[in-house]
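Place chain X on chain P using the hints.
If you want the building blocks of each chain, they are given just below.
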Amino acid sequence: MNDKRDSTFAASRGSGEIRQKRVQVGQRQKQTGNDAHARYIQVRDHSFFYGTTQVLYDLNMDIPERHVTALIGPSGCGKSTLLRNFNRMNDLIDGISHRGDILIDGRSIYDPYLEVISLRKRIGMVFQKSNPFPKSIYENIVYSLRVAGRNRRAELDETVERSLRAAALWDEVKDRLRETAFSLSGGQMQRLCIARAIANRPEILLMDEPCSALDPVATGKIEDLIHQLKEEYTIIIVTHNMQQAARVSDRTAFLYMGRLIEYNDTEKIFTNPTEEQTEAYVSGRFG
Amino acid sequence: MTKQPPAKAIPERFIVRPATLWFDRFMNYFITVGGLSIIIAVSLIFVFILLQVLPLFRGAQVEPQDSFSVPQDDYVVMGTDEWAELPFFVNRRGELTFLDTVDPGGPHHRTAFTRAPAWLDETDVGVVVYNPLLSQLVYGTADGRFAILDVQYEATFPERGGREVSVELQETPLLSIGSTEVPVQHLAYGSSGTQAIVVVIQQVNERFEMHAVSLVQQRTLLGDGQWSVSQSYDLSEHLDAAPRHLLVPSDADAVLIGMDDGRVLFLHFDGQEFRKRQMFVPFRDRADRAIASMNFLLGDVSLVFTASCGANRIFSLYRDPQREVRVWGHTKTFPDLERGASFYSAAMRNKAFLIGDGRAASLRYGTTESIRWQDELPFSVSLAAIGPRYDRMLFLDDGHTLHSYRLDDPHPQASWRTFFGRIQYEGQAAPEFAWQSTGGRDDFERKLSLIPLIIGTLKGTFYAMIFALPIALLAAIYTSQFLRPGIKRFVKPVMEIMASLPSVVLGFLAALWLAPIISNAVPSVLLAVIAIVVAALVVGYLWGLLPQRIRVRLKPGYEFLAFVPVLLLVGYAGWQLGFVVERTFFIVPGESTGMQIADFRLWFPQATGLSFEQRNAFVVGFVMGFAVIPIIFTITEDALSNVPEAFRSGSLALGASRWQTAIRIVLPTASAGIFSAIMIGLGRAVGETMIVVMATGNTPVTEFNPFTGMRTLSANIAVELPEAPYLGTLYRTLFLGALVLFLMTFLVNTIAEILRQRLREKYRAVE
Chain P
14 MNDKRDSTFA
24 ASRGSGEIRQ
34 KRVQVGQRQK
44 QTGNDAHARY
54 IQVRDHSFFY
64 GTTQVLYDLN
74 MDIPERHVTA
84 LIGPSGCGKS
94 TLLRNFNRMN
104 DLIDGISHRG
114 DILIDGRSIY
124 DPYLEVISLR
134 KRIGMVFQKS
144 NPFPKSIYEN
154 IVYSLRVAGR
164 NRRAELDETV
174 ERSLRAAALW
184 DEVKDRLRET
194 AFSLSGGQMQ
204 RLCIARAIAN
214 RPEILLMDEP
224 CSALDPVATG
234 KIEDLIHQLK
244 EEYTIIIVTH
254 NMQQAARVSD
264 RTAFLYMGRL
274 IEYNDTEKIF
284 TNPTEEQTEA
294 YVSGRFG
Chain X
918 MTKQPPAKAI
928 PERFIVRPAT
938 LWFDRFMNYF
948 ITVGGLSIII
958 AVSLIFVFIL
968 LQVLPLFRGA
978 QVEPQDSFSV
988 PQDDYVVMGT
998 DEWAELPFFV
1008 NRRGELTFLD
1018 TVDPGGPHHR
1028 TAFTRAPAWL
1038 DETDVGVVVY
1048 NPLLSQLVYG
1058 TADGRFAILD
1068 VQYEATFPER
1078 GGREVSVELQ
1088 ETPLLSIGST
1098 EVPVQHLAYG
1108 SSGTQAIVVV
1118 IQQVNERFEM
1128 HAVSLVQQRT
1138 LLGDGQWSVS
1148 QSYDLSEHLD
1158 AAPRHLLVPS
1168 DADAVLIGMD
1178 DGRVLFLHFD
1188 GQEFRKRQMF
1198 VPFRDRADRA
1208 IASMNFLLGD
1218 VSLVFTASCG
1228 ANRIFSLYRD
1238 PQREVRVWGH
1248 TKTFPDLERG
1258 ASFYSAAMRN
1268 KAFLIGDGRA
1278 ASLRYGTTES
1288 IRWQDELPFS
1298 VSLAAIGPRY
1308 DRMLFLDDGH
1318 TLHSYRLDDP
1328 HPQASWRTFF
1338 GRIQYEGQAA
1348 PEFAWQSTGG
1358 RDDFERKLSL
1368 IPLIIGTLKG
1378 TFYAMIFALP
1388 IALLAAIYTS
1398 QFLRPGIKRF
1408 VKPVMEIMAS
1418 LPSVVLGFLA
1428 ALWLAPIISN
1438 AVPSVLLAVI
1448 AIVVAALVVG
1458 YLWGLLPQRI
1468 RVRLKPGYEF
1478 LAFVPVLLLV
1488 GYAGWQLGFV
1498 VERTFFIVPG
1508 ESTGMQIADF
1518 RLWFPQATGL
1528 SFEQRNAFVV
1538 GFVMGFAVIP
1548 IIFTITEDAL
1558 SNVPEAFRSG
1568 SLALGASRWQ
1578 TAIRIVLPTA
1588 SAGIFSAIMI
1598 GLGRAVGETM
1608 IVVMATGNTP
1618 VTEFNPFTGM
1628 RTLSANIAVE
1638 LPEAPYLGTL
1648 YRTLFLGALV
1658 LFLMTFLVNT
1668 IAEILRQRLR
1678 EKYRAVE
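From first to last, the protein sequence lines stand for chains P and X.
Residue numbers for the first sequence follow our numbering, so the first one is 14 and each next one is one higher.
Residue numbers for the second sequence follow our numbering, so the first one is 918 and each next one is one higher.
Just so you know, the hints here were simulated from the structure itself, not pulled from any lab data.
Some clues are possibly wrong.
What the hints assert, rightly or not - Quick look at which bits of chain P chain X covers, simulated, 3 or more residues with Cβ under 8 Å:
no. : stretch
1   : 92-104
2   : 116-130
3   : 150-161
4   : 201-211
Note that beta-carbon positions come from the ideal geometry of N, C-alpha and C, so glycine has one too.
Chain P extracted, bound-state conformation (with noise of 0.2 Å):
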């Protein structure tokens, strides 16, 4: 299996780099046990609903702070809807109703007092599909500045070349800051939008399968992105590729069925799972 990841990586650069990296993040990890840091986000007993069906069953997992957590298991297991609850995004659907909570920092984000708006300040989120708006790339990624009312222009201009070098897309779109976004490749756009994500500085996240539409050696820059990400973000990602989530991720969940049937360390996952199912899932056989 790892050949395997290796082969696929081999187009893009530093993967060794990436590995000892994990590897240290992994140490941190142990360092800091069961301190805050590893119970950054709370998921408590989460149900979720669509109208009357049921799509999460009592989820419980902690999210530590500063690691990247992937979240796999095969279509319709709930791991996007998951996802999409952090900043509640899902809030835009009819019908839709929760049980349980979830808690970032020791808060509910279900808490009345607390306005989703905020919350969505705090949480950033990178979609499947790249969907940079119809805007120069300079407005995409100051859009979060601009609709929170800030639009002093050194502080713009600041905070474009920032994320920009943040998203490793700087040195390839410096020049055409004013060009539409549209005119950027495939791999080139998902890198703005991570770049828009984080303009605003939140602190978690969010990414929905980012590279599913993505070429390897668009998919391998993402990778290295994330990696460097992490240092300062808490990030969840979505994923359906495995070698992926080995590649990228310090912990991972695997939901089935609404369920979550085993949450724990990436390698644990990947190398010695305690479930059955979720050593079906990894190895490939079904799913």
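For chain X alone, kept in the frame of chain P given last:
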């Protein structure tokens, strides 16, 4: 060529059925042909309209048809029957010579025959004038009397076909006027049916005398009886120069005397006495002021003057705003003739006149200042006449040959100026755009300017759009971006049903139900609208200030439950307050009683000088708005809903509010579709007919006052087409209106389409 391996037989399951191929090919052609024929059909409609319109801009066609020789004599008057088959000529002695132009040398052998009034043995003739409209000759005798001779043409249509025109003369006895035994030099006669006056000018010992008589007709049970003099007037005191021209209009309410020195004296007759009303000089600015000719145009409210130098002008009666009476004023100027006119004939169906001198003849149109036809004739003209049907011109040359010219000029009034320019019509103090295609009299001057109709179209569209646009767009944004999908599923079809309401129903409601209500409560309507808009903003702001504890009780998408009752209440309050405001501010003194009346309808015209009508643009805008709102709403809503969900989610996930998402992301992305929606709505408003026909007074005004009506191009076609004779000027003018409408919408649509493509390119979502 390389050697091909032998082809294997294709298994049957891979063979395409010929029918499939055939059908595919057929449908290919069918769809191509269908598409092309639609384009061709639309083009043909355009071509058809264009073909209907083009003849309007054709000049008059004149060609010589016939010539007849007339017995040698010195003729002073020429007249003709309706078909110019039996024209007559009057010589200086007062004898009439009729010339049969149809059947010369035929079975009747009456190529020319002569008639004369019976009293001609008694006295000689001093002057004779002819009124072609009344078909009456008026004689002034050498002994100071006058007599009227009716030339009564009669046409019979024998069974063998064709037409036979015969003539009968009916004469009145000689009546005395002015100084007896002095020859009459100038004579004019006008009869309105109830009132008639005859004016004569005589020269008595180097001094000019002017006398007038008013005539009454004895009416008996057996019909009209004889005219007799009821009163005589001596008007000599008004003559301070040698008179050259004398005219009395057919209304018999005035006398016009053109003097030797270029002045024209206008005496008004009110039925009792003559009063001097005006003295004017038609050619004040010319070196030679002498008036060479002075004649009436059809209707006798316009005077065609020529100066000796050839200048040609029209003066018309109009109401002088200062004096509050009708006076003559210079309204039209034509290109100069070479010399003053020696012959003149006014058309009896329109405002055309035939004028000229010697060989030069010119057919001109009074209303439009245009020359319909002009030519150098191969003979010198002594008398001319336009056929009563405006299909013929007759010229008598000085060699006593009558030349008959065919005149083909079906649309003499049509010109760019008529349709799009300002024209000073008879009776008006200034040039203006006016539409009035029919009037109560035969001599009515048609006003065919399309400008009031274009303005009316724009006005109706404007008021409909300022009402419909904000509501439709905001409603669409609200429905697509804020409303719960469950409620949206119900709202949208309801709006679409609204779009299917027949406009005649809306027009009916507007005219009979809404217009009276609104006109009774204009301040209330305005206040209610303002109150609702202001309240919406205020309530929205206050809502944001409410503690979140209360706000969270309303789920996003259900805010309207709190909003609507408030708005309804505020709207009602505004409505009621309107009456209070009206009682307080819009007070005018009543016209008859002098009491203070609180009524906006009376106050508005007094305060602004504009008029107030019950069926006005306000009502039309409101009701046409209702016809337009569903269209704009539906298409806009579709465009907004079709914005990829990814954009919305992307924006919301970045911490934008729903409103920010709608305004910054969704609206620009959907702008091309919204633009189409507005344009389709605009197209509907521009072309909307029934509502405008029913809910406005169809008055073609040229103002944007919301409290007057209007007439749109489309309504004009609907209203007037039943009145327009096939292929007539009005008929073609209506088609011109259609063409203008077509071009207007074509232009708007083209610009809109170009802009839309640009927007679409700019906000194209990547797939």
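Outcome, coverage of the stretch 92-104 of chain P by chain X - at least 3 residues whose beta-carbon is closer than 8 Å to one in that chain: Three-residue rule met by the stretch 92-104 of chain P, so holds; n is 3.
Per-stretch coverage check for the stretch 201-211 of chain P, three Cβ contacts closer than 8 Å to chain X: holds (count 4)
Whether chain X covers the stretch 116-130 of chain P (at least 3 residues having a Cβ closer than 8 Å to its Cβ atoms): It holds: at least three residues are needed, and the stretch 116-130 of chain P offers 4 whose Cβ sits within less than 8 Å of chain X.
Verdict on chain X covering the stretch 150-161 of chain P, criterion of 3 CB contacts below 8 Å: Three-residue rule met by the stretch 150-161 of chain P, so holds; n is 5.
Figure legend: structure checked against the earlier numbered hints; every hint is met.
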